[in-house]
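Undergrad: Taking the hints into account, I'd like the entire structure generated from these sequences.
As a plain string of letters, each chain reads:
2 protein chains.
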Amino acid sequence: MVDTMNARNTQFTKAFHALKQNAGSHSPSMEDLKKMFPTLEIKIDACYLSNPYASELVLDYIDRELIQTNAYKKVLTHYPSQQRSLQKVMAESLHVKPENIFIGNGATEIIQMLLQQEEVQKVALMIPTFSSYYEFVGKGCEVVYFPLNERDDYSFDADKYCQFIENEQPDTVVLINPNNPNGAYLSLEKMHILLKRLAFVPRIIIDESFIHFAYEDEALTCLSSTVLFDMYPNVIIVKSLSKDFGIAGVRLGYALMDSRKIDALLEHGFLWNINGIGEYCLRLFVREDFLKRYEEARKQYIKEMCRFKEALLGIENVYVYPSMANFVMLKLPSRIKASFVISALLVEYGIYVRTMADKIGVEGECIRIAGRTREENNCIVMALKSILKDSK
Amino acid sequence: MVDTMNARNTQFTKAFHALKQNAGSHSPSMEDLKKMFPTLEIKIDACYLSNPYASELVLDYIDRELIQTNAYKKVLTHYPSQQRSLQKVMAESLHVKPENIFIGNGATEIIQMLLQQEEVQKVALMIPTFSSYYEFVGKGCEVVYFPLNERDDYSFDADKYCQFIENEQPDTVVLINPNNPNGAYLSLEKMHILLKRLAFVPRIIIDESFIHFAYEDEALTCLSSTVLFDMYPNVIIVKSLSKDFGIAGVRLGYALMDSRKIDALLEHGFLWNINGIGEYCLRLFVREDFLKRYEEARKQYIKEMCRFKEALLGIENVYVYPSMANFVMLKLPSRIKASFVISALLVEYGIYVRTMADKIGVEGECIRIAGRTREENNCIVMALKSILKDSK
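If you're matching them up, the sequences are chains A and B in order. So the mapping is simple: this note's numbering equals the position in the first sequence, first residue as 1, plus 5. So the mapping is simple: this note's numbering equals the position in the second sequence, first residue as 1, plus 5.
Because the hints were derived from the structure by calculation, they are not lab data. Hints are supplied without guarantee of correctness; some may be wrong.
Unchecked claim - What the simulated footprint calls covered on chain A by chain B, stretch by stretch (three residues with Cβ under 8 Å from a Cβ of chain B suffice, anywhere in the stretch; the number is not a length):
{"no.": "1", "region": "72-81"}
{"no.": "2", "region": "84-91"}
{"no.": "3", "region": "105-118"}
{"no.": "4", "region": "141-155"}
{"no.": "5", "region": "252-259"}
{"no.": "6", "region": "265-274"}
Unchecked claim - The list that follows gives simulated cross-link-like pairs (lysine-lysine, DSS-like), each with its CA atoms no further than 25 Å apart:
{"no.": "7", "chain 1": "A", "residue 1": "Lys336", "chain 2": "A", "residue 2": "Lys394"}
{"no.": "8", "chain 1": "B", "residue 1": "Lys78", "chain 2": "A", "residue 2": "Lys40"}
{"no.": "9", "chain 1": "B", "residue 1": "Lys394", "chain 2": "B", "residue 2": "Lys48"}
{"no.": "10", "chain 1": "A", "residue 1": "Lys40", "chain 2": "B", "residue 2": "Lys93"}
{"no.": "11", "chain 1": "B", "residue 1": "Lys78", "chain 2": "A", "residue 2": "Lys297"}
{"no.": "12", "chain 1": "A", "residue 1": "Lys25", "chain 2": "B", "residue 2": "Lys266"}
Ideal Cβ positions, reconstructed from N, Cα and C, are used throughout, including at glycine.
TA: Structure (structure tokens):
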């Protein structure tokens, strides 16, 4: 059975590999996939990471407020507002001063901007991590890696880590919480302990792009590190708005940082970096009526993620790493190639998941699956079970 | 009469001034204006510079292909394609190799990126000019200014200019053609002569954001400097796509430059800098069916611009600077303050035009008016005539 499937997907695997090479350490977009494989029908996108229930909600607002009213025409043809105005929009909702907010064309623009400051000369990263954090560093910047241990589920040992930072003396430390690609979460309490010990580091970037999917109580109260930004002067918060609100095509994110830094940045650029739809979304995301419904969509998604993770745990011979994010990293039995499973999922079932082959610091044959709606998650579990059963 | 109007708009002028200060050397957005003056009805936006006939055309496509089909939902919720794919989209249409194309989140992102390269240490600008060219230079970069002469209608003397460049030896020269804010145009023939003399300059940035509104023959054939990029190795082309295609809210522009430079840039950033609607537009702008209709919209607009300029020339005591762009700079009689006319247009007629008070190198009381549709242009001319007559 494996041989038949192998035959069917070998050609695909090769072609996909070429496409992947082109996309570097990220995944080929749906558009590129469709162009290369016109007959391929992607039914479920479990590669990119976003809350489908939130997408639905935002689209409902866009439909009623931009499309049905024709307001989208102005949004697309007029210049959007500049940073100074958008800062004020976010300030109240985040309980932060406007001058401490930098709005970005997606979190990637912010990461690029932060890492390419001339004062960033040595960056400490845990691995595995989001590749942009080492790819986007400026010329001459050194990157030191703290490898997370597979045996500890890529969770992290604060003592060892602080020793590492003390020894290496980086000027910039990056903490992604929950971490990408494994989803390990550091509680707010542990974060406080860590930040107190790392007070000597000039800059600590906390990327909380997936924080809306983590929880510390049964009520699934929304977590936020704004309090960390207030308490620790060396903390910079980075947050994508694509994942939690499900709008990757809009490009939107923000950072909380020193106002003098933001002043300097705005004096020399970032003039109209947010597009019209992005501005609409930003103004939407702080509205009470929206936030009330968003909270429901967020909690519904977290509950579905819990159910999905349970179901994945039920698949024989697959290891599921603990995750508090909206994705799960799985380790396959070593005799099964991840590239095979990825191709089989795509070719046989139209399910697009993420290879971990390009992730430095990941051991073994791993794939990362983003959580989707209940129906889609059920399809993913069924497809995985079937592929793994056939390849026994 | 002037006194009555003055009384009516003094308060407005002050409040507008505060808003303008906040927006730096650019104009407050419509959204900001409406927030500060909720009763103000802006009927005609003649401040921002874009072809309204092209806006209409692009919106027609978006309506049919994205909205009516619901395809916009995918466009907003999925990740857009990366640079490497978008380069290929544009390459064929521009007759340039993909690797020489850099797609930007608006021309401002490109200008920022170009000027902040470490090899850019001394930039030569003609003034008046688009302010981002001196605001976005990197730390420690020197800017030298070649003042265009009011008596020559801010057109430029190639001999004097080349002498200036020879003396100053900048590493980067910026030529905006047609120039902003005055609209003076340098013919392709003169550009060739100039570029041959400036072969010793390491980098010449030609910003052709308004080139679609210029013409050299009666057929109004579309001009392009791609040929200059091919012929002169030191030439970099920058082009906004917001003006000609009328989609300022989408944020889209491109640059033609050395492929090695682009490779280096993409290795360290600019990962998903184009949003989903931007990607749709980019793919639209190279389609034959679209381009055919666009050419009609472009020519219709140029013809209307000619008629509009003629009508402005008919206003007594106002000097109209020659322009090949889609805007016109006017000099008012010295006894009339530009701020007064701008406020009167906005408060009395709902017409939003651009002050030149913050433009270094502009002499006298000037305003800049963007061309709009025939009906709107007629309103602008009537309003101006009336305001200037009343203030005699």
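Undergrad: Does each hint fit the structure? Answer for all of them.
TA: To see whether the hints hold, each was checked on the structure:
no.: 1; hint: 72-81; in the structure: holds (count 6)
no.: 2; hint: 84-91; in the structure: holds (count 6)
no.: 3; hint: 105-118; in the structure: holds (count 5)
no.: 4; hint: 141-155; in the structure: holds (count 4)
no.: 5; hint: 252-259; in the structure: holds (count 5)
no.: 6; hint: 265-274; in the structure: holds (count 3)
no.: 7; hint: A:Lys336 x A:Lys394; in the structure: 15 Å, holds
no.: 8; hint: B:Lys78 x A:Lys40; in the structure: 19 Å, holds
no.: 9; hint: B:Lys394 x B:Lys48; in the structure: 22 Å, holds
no.: 10; hint: A:Lys40 x B:Lys93; in the structure: 12 Å, holds
no.: 11; hint: B:Lys78 x A:Lys297; in the structure: 22 Å, holds
no.: 12; hint: A:Lys25 x B:Lys266; in the structure: 22 Å, holds
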